[in-house]
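Fit chain Z to the supplied structure of chain L, relying on the hints for placement.
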Amino acid sequence: MSVSAPDIPAKPKRGFRLDLKTVGPLLALALLVLLGISLNENFLSYNNLTNVLARSSFIGIIAIGATFVITAGGLDLSVGSMAAVIAGVMIMVMNWLIPTMGIGWGVVLAGMATGILLGGVAGTFNGMMITRGRIEAFIVTLGTMGIFRSLVTFLANGGTLSLNFQVADVYRPVYYDGLLGVPWPIIVFALVAIGGEITMRYTAFGRYCAAIGSNEQVARYSSINVDNVRLLTYILQGVLVGVAVLLYVPRLGSASSTTGVLWELEAIAGVIIGGTTLKGGYGRIWGTVVGVVILGLIGNILNLQSLISPYLNGAFQGVIIILAVLLQRGRKNA
Amino acid sequence: MSSAEGISAPAVLSANRISKSFGEIPVLFSIDFDIKPGEVHAIIGENGAGKSTLIKILSGIEQPTSGSIIYDGETVTLPPDGKAEAMGIVLIHQELNLAEHLTAAESIFLGREIKRYGFLDLGEMRKRAAELMDTLHVRVDPDDRISTLSVADKQMVEIAKAISRDARVLIMDEPTAVLSVSETQTLFEQIKRLTARGVAVIFISHKLDEIMELADRVTVLRDGQLIATVGTEALTPDSIAQMMVGRELSNLYPPKHEPDVDAPVVLGVRNLAAKGVRDISFDLRRGEILGFAGLIGSGRTAVAEAIVGLTHRTGGNITLDGKPVNFTQVAQSVDAGLAYMTKDRKGKGLLLNMGLRPNLTLLTLNKHIKGGFLDGASEDRALERAVRRFDIRARDASVAVGRLSGGNQQKLMLGKTMESEPDIVIMDEPTRGIDVGTKQQIYHIIAALAAEGKSIILISSEMQEVIGLSHRVVVMREGRLTGVLEGAEITEAEIMRYAAGIKQSGNDERISA
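Those sequence lines, one after another, are chains L and Z.
Residue numbers for the first sequence follow the working numbering, so the first one is 2 and each next one is one higher.
Residue numbers for the second sequence follow the working numbering, so the first one is 7 and each next one is one higher.
Everything labelled a hint here was simulated from the structure, so no lab data went into it.
One thing to keep in mind: the hints can contain errors.
[Claimed, not checked] Distance windows between CB atoms, simulated:
1. Z:Asp87 with L:Gly144: 34 to 42 Å
2. L:Ile38 with Z:Asp341: 54 to 62 Å
3. L:Arg252 with Z:Gln100: 55 to 63 Å
4. Z:Thr334 with L:Phe317: 46 to 54 Å
5. L:Ser151 with Z:Gly328: 53 to 61 Å
6. L:Ile136 with Z:Ala234: 51 to 59 Å
7. L:Leu32 with Z:Gly73: 21 to 29 Å
8. Z:Pro86 with L:Phe317: 29 to 37 Å
9. Z:Pro85 with L:Ile136: 42 to 50 Å
10. L:Asp170 with Z:Asp341: 52 to 60 Å
11. L:Asn229 with Z:Ile508: 42 to 50 Å
[What the hints assert, rightly or not] As a list, the in silico BS3-like pairs of lysine-lysine whose alpha-carbon atoms are at most 27 Å apart:
12. L:Lys280 with Z:Lys352
13. Z:Lys281 with Z:Lys62
14. Z:Lys354 with L:Lys280
15. Z:Lys354 with Z:Lys281
16. Z:Lys376 with Z:Lys352
17. Z:Lys62 with Z:Lys352
Here a beta-carbon is modelled for each residue, glycine too, at the ideal position from N, C-alpha and C.
Chain L extracted, bound-state conformation (with noise of 0.2 Å):
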C-alpha cells in the first residue's frame, strides 16, 4: 500500500487490462471502418475518405475549441449561430471590399481576417459576459445563440447572401484544393488538432483548464486567475469557429439563416463521444477528433448503403452519444 517512490507505480498492469475509457472511442472508430469497408467497397477510397474528413472538418475545429471549454466546467452553445453571423459577414465585407481592393486573394485574405476576427469579439463576448457578468454559461450562450442567428437573418434580409462569384472562383481552392492531394479543410483540421493537443497536455493553460473545470474553488485558492483562464477558452473557442467558417465559405460561397444550424449540439457531440467529461474537470482532444469523425463516418456509411434509410442519420448519432455516456458511466462504478 504505501509506495513512497511515485515512479514505480503498477505500471506493467496496465498492458493486461484493456483501458475501454482510452480506447472506447478508437474501437467505436474501428467498427465503423468495419462496418463501412462490407457495405461498400468504395469506402475506403479516397474520393470517399476525404470527402467525409473534409466535411468533418468544420465541425471538428469547433469541437476543439469546445472541448477546452466544456473541459473548464463551461458551455457555448452559440457557436453554429455564431458560424453563420461570421460566414455572412465574411461574405459582406469581401463582396463590399471589391470595389476599393478589386477581385484577387486581398479580398479573400481581409475576408478571412475579418473571420477570425469577428470569431474573437464574439467569444470574447460570450466569455466576458460569463466571467465579468457572472452569468451562467449556458445561459449567456443559450442567448448568444439566438441574437447570432437573427442577426444574420437580419443580415440576409430573410435570404442568402451571397459572395459576388468571382471571389467565390478565387476562395474555392481553399475548400477544394489541397497540399499534396490532402484538402486544405483536413490539414488545418489536423494542425488545429495537433495544436489542441499539446496545449491541453503539456501547457498550463490546458492543466488550468482542467483544474478549474474540476473545481474551480480549488483552482481559486491555488493562485489561477480562474476568470482569466475561463475567458480564454471562450476567446479560444470564437477563433477556431472563425477558422472553421473561413474553410466553410469557399465550399459554397453563400450563407443564409439555415448556415451552421446544429453544429453546436454536433461539437459537443463529438467532444462527449471523445471522453471529455460534460461537467468538465477532463477532456483529451484526439478523443474529440475521434468523435467528430464517428459521426461523419456514421452518416457516410448510411449513404453507401440501402437497407436503412439515410434519414436515420441523427438517430444513429443519438443513440452513439447515449452509448458513449453509458459506457462511461459503466466503467465508473465497476
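Coordinates of chain Z only, in the frame set by chain L:
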C-alpha cells in the same frame, strides 16, 4: 454511560467476522462488532484503519466480502443505498447529506412525505417537524432553508430526520469534526437523550476526550484489524492512543524553539477589516508560530483570506518585511512568499479526481514550464521530493487524490503549499479529521519549518494543538481580536476566557511580543 440497563441486553446489531476487500486490496479482516440498545459505542483508529468501511457495512452501503450481519437476532443482508434506514439503521455522513435548497421540514420528510388525498400535507409535516425540533431543543424553524443553517443545526436536522424514522441504530461519522465546543456539548446532550430512549449510537471520532466522555465502549481498529473492544472506564486517552497507533505516543508536540528576541517582524497587520472581521492588528516575527484560537466562525479564516487576497479587504494596512503590500489576487501573495493552506481540503484544496502530480504542482505550475511547455520530468522530481519530505503514501501517483486517506491528502496539500517556498505560511486547521499518527508528523513538520526560519500562522480549533505548538496565541471572537497570549498565559482556560468574551485586552499595546 447513559443507560446501564441497556448494557446487559442482547445486541441490536452485530457484525460477525466481517471481512471486506476492494478488488484485491483487503481493508477489513474478520471484525467482530456489536452494539446494544441504549449504548454509545465509539469506533476509533487512524485514517485508513477501516472505520469508514466498517460503518458502511453496518449501514448496508457496502456489502461484506465475508462474514454476517445480525440485526435483532436474525442474520440479514442489509439493503444498499441507505435503504437500511427503513429498517431503523441510519447513517449520518460526515459531509451531511442534505439538499441545501429544501427547508428543514422538507428535509426531514424527504422520501417519506406525509400525504393526504395524494397531495403533500405540508401543514402536518411542518407541525411534526416543529414537534421534533422541540423534543430535541433545537431552535430551527421547519421553514428554514438548509442553506441558511449552521453546520451544527444541519446536523440537528439530520438527527431529527433519523428520529422521525424511528432509528434504532444511529451511526455518526465524525459528527464533531466541524462543531465548536458548545455545539459539541449540545450534540452530546442529544445523544444522551437518544440513548435514554434505547437508541443505539455508533460514532467515529478522532477526539479522545470526547470518546472518554460519551462512549460506553470503544472499538479500536488498526490497519483493518480489530485491536480491542473495551469498556471506556478501563481506558485513558493515552491507552486508546497507544492502541490506535500501536506504539508509544511520546512527544506528540515537538519541543518549542523560541524565536530570537530580536527576530524581525515579517508580517505586520494593522486594523484589518474585511467581510466578517474588523480592526485586526498583529505582528508575526521570523521563526515564530503564531496560533490563532477561537470558536468556529470567529473570523480566523476570514482574516487569513483577506491577508492573502482571496477576499476583498475593506480597510487596514498589511506590511511584509516592513514594506506595505496590497494583495488583490492569491498569485501576488504567493509570489511575495506568503502562502495560505485552506482548511477545506476537499472543497478548496485538492482536485479530487486528479492524481498526485497535478495537485502538487497546481499552485506553482510556472516553475515547471520549459520553453512554454510543461516539463513533466521536473514535476515528477517535485513529487518525489514531496513524497519523501512529507511521507505521502499512495498506491501509485496516478491514483485519484480523492481516494487517499485524509492524512495523506493533508500531507499532499502541505507539500503543494510548501512547493511555493513561502517564508510565511498560514495553515488553517492543518490536522482536521486526521489520525493521531499523522497529526504528530504534521506537528513536527510545522516545528521544523519554524526552526529553519519560516514564520507560521496556525489557525486551529483544537486548543491542545494551538497550545502545544504556538509561541504566541491570538484569540478571536466574533470577528474581532480579543487577546494575544504568550508564555505561561497560554492555557486552555485563559484562551477560553478570551474566546468566549469573558476577557478582553485592548489589543494596541500587545500587538507584538
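Each hint, compared with the structure:
1. Checking the proposed 34 to 42 Å range against Asp87 of chain Z and Gly144 of chain L shows it holds: the Cβ atoms sit about 39 Å from each other.
2. Distance hint check for Ile38 of chain L and Asp341 of chain Z: the Cβ-Cβ separation is about 58 Å, which falls inside the suggested range of 54 to 62 Å.
3. Distance hint for Arg252 of chain L and Gln100 of chain Z: a CB-CB separation of about 58 Å, consistent with the stated range 55 to 63 Å.
4. Restraint check, Thr334 of chain Z to Phe317 of chain L: a C-beta distance of roughly 52 Å satisfies the suggested window 46 to 54 Å.
5. Checked against the hint of 53 to 61 Å, the C-beta distance between Ser151 of chain L and Gly328 of chain Z comes to roughly 59 Å, which is consistent with it.
6. Separation of Ile136 of chain L from Ala234 of chain Z is about 58 Å and conforms to the stated range, judged on CB atoms against 51 to 59 Å.
7. One distance hint, 21 to 29 Å for the beta-carbon pair Leu32 of chain L and Gly73 of chain Z, is violated here, with the actual separation near 44 Å.
8. For the pair Pro86 of chain Z and Phe317 of chain L, the beta carbons lie near 36 Å from each other, so the given range of 29 to 37 Å is met.
9. Between Pro85 of chain Z and Ile136 of chain L the CB atoms are about 43 Å apart, so this pair conforms to the stated range of 42 to 50 Å.
10. The given range of 52 to 60 Å is respected by Asp170 of chain L and Asp341 of chain Z, whose C-beta atoms sit roughly 56 Å from each other.
11. As the Cβ distance of Asn229 of chain L to Ile508 of chain Z is approximately 48 Å, the hint placing it in 42 to 50 Å holds.
12. Note on Lys280 of chain L and Lys352 of chain Z: the hinted pairing holds, with a Cα-Cα distance of about 18 Å set against a maximum of 27 Å.
13. Restraint check for Lys281 of chain Z and Lys62 of chain Z: the C-alpha separation of about 40 Å exceeds 27 Å, so the hint is violated.
14. Proximity of Lys354 of chain Z to Lys280 of chain L is assessed by CA-CA distance (about 18 Å); at most 27 Å being required, the pair is judged to hold.
15. A hinted pair counts as satisfied when its Cα atoms are at most 27 Å apart, and Lys354 of chain Z with Lys281 of chain Z qualifies at roughly 19 Å.
16. For a cut-off of 27 Å, the pair hint linking Lys376 of chain Z to Lys352 of chain Z is broken: about 30 Å separates their Cα positions.
17. Restraint check for Lys62 of chain Z and Lys352 of chain Z: the C-alpha separation of about 20 Å stays at or below 27 Å, so the hint holds.
Going down the numbered hints, you'll see the structure goes against 7, 13 and 16, while the others check out.
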